[in-house]
Amino acid sequence: MQVIETQKDGLKRGYTITVTAAELAEKVDAKLREAQPEVELKGFRKGKVPLAMLKKQFGPRLMGEAMQEAVDAAMQQHFEETGDRPAMQPKVEMQNGEEWKEGDDVVVDLSYEALPEIAEPDFSGITLERMVVKADEAAVDEALENLAKQAQNFADKDGAAEMGDQVVFDFTGRIDGEAFEGGAAEGHALVLGSGQFIPGFEEGLVGVKAGDKKDVSVTFPENYGAQHLAGKEAVFECDVKEVKAPEAAELNDELASKFGAESLEALKGQIREGLEGEYAQASRAIVKRGLLDKLDSDVTFDLPESLVEAEASQIAHQLWHDEHPEVHDHNHDSIEPTEEHRKLAVRRVKLGLLLAEVGRKAEVQVSDAEMTQAILQQARQYPGQEREFFEFVQKNPQMQQQLRAPIFEDKVVDMILGKAAVTEKEVNKDDLKSALDALEDEPA
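Counting from 180, one number per residue, gives the positions in the sequence shown under our numbering.
If you're looking for bench data, these hints aren't it; they were derived computationally from the structure. Take the hints with a grain of salt, since some may be wrong.
What the hints assert, rightly or not - Cut-off 25 Å, straight-line C-alpha distance, at most; resulting in silico cross-link-like pairs (SDA-like, lysine to any residue):
#1 LYS598 with ILE305
#2 LYS388 with ASP335
#3 LYS467 with VAL591
#4 LYS206 with ALA293
#5 LYS328 with ALA435
#6 LYS447 with GLN580
#7 LYS392 with GLN406
#8 LYS590 with LYS604
Unchecked claim - Quick list of simulated restraints, FRET-style, between CB atoms:
#9 HIS509 with ALA204: 41 to 49 Å
#10 SER373 with ASP335: 41 to 49 Å
#11 ALA252 with ASP472: 40 to 48 Å
#12 PHE438 with ALA334: 30 to 38 Å
#13 GLU299 with ASP472: 31 to 39 Å
#14 ASP320 with GLU416: 38 to 46 Å
#15 LEU220 with ALA252: 25 to 33 Å
All C-beta atoms, glycine included, are put in the ideal place defined by N, C-alpha and C.
Construct the complete structure from the given sequences, taking the supplied hints into account.
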């Protein structure tokens with residue numbers, strides 16, 4: 180077997196690999212000898228079929244396997260000897276292709292872009308500022324009031340229904356005079372303004388009183404989940420049973436017990452801890468972006484063009500679908516990346532390669548427990564199908580990588596932040612929110 184370098188231009192690599200006919204024949208013979216003891220053919224006892232006859236019957240198929248194995252082994256040996264790591268799947272082309280016949284050498288062209296050598300920066304020279312926000316009494320009280328609204332009761336009301344009131348009613352929906360499946364209920368309790376019904380329905384009940392009967396006309400949205408109702412005009416015949424006004428729950432120990440706290444003060448403590456946890460998450464997102472911005476501006480190395488182009492195409496495709504949510508498949512013209520897409524792709528590829536290399540050298544690992552936790556969090560998005568989702572992930576390496584990648588990245592970022600000079604600055608929640616809003620307006 181012979182490997183000759185044909186290209187070494189930046190990260191681009193090219194090689195010609197030759198596997199001789201003798202090497203191939205030897206591999207085929209080895210496969211036949213390995214299989215011979217188990218082969219049975221008419222006229223021969225098991226294991227006694229002559230090698231020449233086996234080669235005549237099975238040789239062509241085994242030749243293809245031997246060629247593939249020989250080329251794969253040559254590639255593996257090449258990568259071990261050179262230390263190259265391909266940025267994407269290498270391109271392998273057989274030179275003599277369809278003209279090849281048994282007895283010929285196999286000659287293939289191997290080409291790829293290698294991942295660059297990346298020198299680890301001196302992270303101790305990076306200076307960053309972390310925002311720290313304490314939950315003040317006003318924020319705690321606001322959150323407590325919101326909890327009280329969640330726990331509110333409704334009391335009978337003599338007057339007309341207003342937004343925020345609860346209406347208990349029977350209803351039957353009709354399209355062109357015909358009742359439709361799923362369009363009727365009895366004793367349904369609806370809080371006006373909650374957005375539980377299609378647009379216009381709740382507004383149509385404003386002003387009703389207990390004992391009233393009212394027809395509410397609405398039009399189902401064009402993108403309504405039930406296709407047979409989408410875009411259709413319907414009339415709901417409503418029979419109002421009760422109208423109730425909201426009564427905010429009192430801020431006391433009884434309210435606290437409904438949320439699992441021993442007392443109102445204990446509940447306030449939980450709220451404060453939760454708010455400061457949210458603030459800390461937002462602050463971390465801001466300091467992480469600051470770190471990535473510094474790494475992007477301060478670190479330079481050659482980037483594999485194939486990775487940049489693939490990332491730019493992915494960005495363009497995703498943004499196009501974001502702008503066209505009505506298209507759910509890929510049956511559309513190709514999306515040509517713009518310079519802005521490529522600029523963002525360069526940043527993402529650079530930072531992705533840098534963090535991956537830093538994590539690889541530091542032997543950062545994502546534990547089984549961390550993966551399980553990530554899968555469970557995702558599974559909660561599919562109530563009743565958690566087990567099916569878990570099994571799907573276990574059988575899908577690509578999905579596993581999608582879940583593992585952000586965990587790995589965050590662990591590497593935390594490691595770098597531990598080496599950087601990070602100071603803390605106490606700010607109020609409005610300052611934090613402004614910084615976070617600015618962050619979300621910029622592409623990552």
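We went through each hint and held it up to the structure:
1. LYS598 with ILE305: holds, 9 Å
2. LYS388 with ASP335: holds, 11 Å
3. LYS467 with VAL591: Since the Cα atoms of LYS467 and VAL591 sit roughly 11 Å apart, the hinted pair holds (cutoff 25 Å).
4. LYS206 with ALA293: Violated: LYS206 and ALA293 sit about 30 Å apart, past 25 Å.
5. LYS328 with ALA435: holds, 13 Å
6. LYS447 with GLN580: violated, 40 Å
7. LYS392 with GLN406: violated, 29 Å
8. LYS590 with LYS604: holds, 23 Å
9. HIS509 with ALA204: 41 to 49 Å: Because 45 Å falls inside the window, the suggested range holds.
10. SER373 with ASP335: 41 to 49 Å: The hinted range 41 to 49 Å is violated for SER373 and ASP335, with Cβ atoms some 19 Å apart.
11. ALA252 with ASP472: 40 to 48 Å: holds, 44 Å
12. PHE438 with ALA334: 30 to 38 Å: Taking Cβ atoms as reference, PHE438 and ALA334 lie about 22 Å apart, which means the hint is violated.
13. GLU299 with ASP472: 31 to 39 Å: For ASP472 against GLU299, whose Cβ atoms are near 18 Å apart, the range 31 to 39 Å is violated.
14. ASP320 with GLU416: 38 to 46 Å: holds, 44 Å
15. LEU220 with ALA252: 25 to 33 Å: holds, 30 Å
The earlier numbered hints that this structure contradicts are 4, 6, 7, 10, 12, 13.
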